[in-house]
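Colleague: What follows is each chain in one-letter form.
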Amino acid sequence: MALAGIGLRAPHLQQIASEKPATGFLEIHAENYLAPSPALEIVDRLRADYAFSIHAVGLSLGSVDGIDEAHLARVAALVKRLQPVWVSDHLAWSVHGGRYFNDLLPLPYTEEALDVVVRNVERVQEAFGRQISLENPSCYLAFAHSTMSEPVFLAEVARRSGCGLLVDANNIHVTAHNLRLDPNDWLEELPGDSITEYHLAGHAVNDADGVPILIDDHGSKVAEAVWMLYAEMVARFGMRPTLVEWDTDLPDLSTLLAEADRANRLA
Amino acid sequence: MPIALRDLQSAFVAHLAGTSPSSLEEWVIGDSISAEARLRVHRHHVRDSLAAALASTFPTAKALVGEEFFQCMASAFADEVLPAQPVLAEYGGSFAGFVGTYEPARGLPYLADMARLDWALNTAFHAPVTPRLSAADLSAVETEQLPAKGLLLAPGTALLRSAYPIDRIWAAAQPGADTGTVDLEEGTTCLLVLRRPDDAGFIRLSESEVAFVSALVEGRPLEQAAEAAFAAEPGFELSAVFARFLTVGAFAALR
Chain Y
37 MALAGIGLRA PHLQQIASEK PATGFLEIHA ENYLAPSPAL EIVDRLRADY AFSIHAVGLS
97 LGSVDGIDEA HLARVAALVK RLQPVWVSDH LAWSVHGGRY FNDLLPLPYT EEALDVVVRN
157 VERVQEAFGR QISLENPSCY LAFAHSTMSE PVFLAEVARR SGCGLLVDAN NIHVTAHNLR
217 LDPNDWLEEL PGDSITEYHL AGHAVNDADG VPILIDDHGS KVAEAVWMLY AEMVARFGMR
277 PTLVEWDTDL PDLSTLLAEA DRANRLA
Chain V
11 MPIALRDLQS AFVAHLAGTS PSSLEEWVIG DSISAEARLR VHRHHVRDSL AAALASTFPT
71 AKALVGEEFF QCMASAFADE VLPAQPVLAE YGGSFAGFVG TYEPARGLPY LADMARLDWA
131 LNTAFHAPVT PRLSAADLSA VETEQLPAKG LLLAPGTALL RSAYPIDRIW AAAQPGADTG
191 TVDLEEGTTC LLVLRRPDDA GFIRLSESEV AFVSALVEGR PLEQAAEAAF AAEPGFELSA
251 VFARFLTVGA FAALR
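The listed protein sequences derive, respectively, from chains Y and V. One gets my numbering by counting positions in the first sequence from 1 and adding 36 to each. One gets my numbering by counting positions in the second sequence from 1 and adding 10 to each.
Computed far set for chain V versus chain Y, every beta-carbon distance over 12 angstroms:
1) ARG178
2) ARG214
3) VAL227
Some, not all, of what chain V presents toward chain Y, calculated at C-beta under 8 angstroms:
4) ARG48
5) HIS52
6) GLN95
7) PHE135
8) PRO138
Treat the hints as calculated values from the structure; they're not laboratory data. Predicted, not measured: the structure shown is a model, and the values here were computed from it. Beta carbons: idealized from backbone N, C-alpha and C, even for Gly.
Let's have the full structure, built from the sequences with the hints guiding it.
Modeller: Structure follows, in structure tokens:
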């Protein structure tokens, strides 16, 4: 069974619409389809052939001010229109004071932040009338006043709000490298029953103070270390629908499909 | 007392704006990579990703100045103007105005107008597909009532005027275009930008067509729009021009 899907990106849209390649599902970023466009009309038609995953990047589930209701209403309308199988966003914040920063900004893992995220996830699930999944972010820093680990924080949000967890193997790898953690310890604390989806992606290696720092840029093939971590996740938690993300320096569609095939073979 | 989440997010936002990096650093764990270097990853990402979003919304402006120049110009804009919400196709409404005042681009006086054309095409691309006025709609109206009717432009339709031949510059900047020369002294150009079934595009208008559409946009009836067009160019042929606009789907409805 083909469980792995691919991100549907604008340069591949026409080819996918005409060739209809076999893949587990198609994923779109909510924020790219909130305004009308010929692309949205193609997605509407592709619903007859594919299961869809709507991955939001701008709900800002970690915002202390709550969810922006105007944006929430637009995403809710898209969810209603496309009826995706999965809906997700990240454990992060990107909106503050009426401005959008186009980045997944980090949260301290504290009781206060936990209350904020749970409240925001509940508001979104209420607006959508369905469960959403929360994705672990790629971290470049940790806050000194955090009182719990990231997987424990995620587990607690899932327990209190009833949301699912979207576990991104590349993000675990990037976070573990940048924050000097052991990815296996990270997995150890995660509640397997809450996991609804997996993500895979490539990352870049940058320089910070002369030391390598990994950047989650979705701009290359999945790294071998991430494939190994993914295999460990499948062995530990079982198979889940898996997305191969590739957003910058987009390759030919065939290269992307080959990455998804590799995920299927591994699973 | 640990910092409250609201204060932390405000301090982070101030850091992203480059105004107060130090108040935040004490809450970020630094090691062989300092807290400051870790925070910088986010500041750079915000700026670079917004510049990339602008590059995708303003492809012609980018093609004209090249990747590196555009990145600098877009980053300077992003330092001044952040998106008000997460739909990036709606970010950059004031970019063309910024380009017009951007000192390093002063040698390209048409660049701001090219950015205006990119923005108009982007706006048309994201306009809803609504019913268009057809010949059948017109034949349903009594002939003697037509002159008093106004016309509504279809969503996404926009009139663009430039002192430069922006249609030729646009064509020359497309991927794979012949690198011929464009005479900047050709004179004023007027374009009508439109949402087409599968994309957005534009047609070039004559002076009389511009006068005709401008009058309609101002809410004047067909009769007065035609008079304005005749005044601009005595050779104006109402039926031919009307047929052209119906073919491209420029009008939404009579009013």
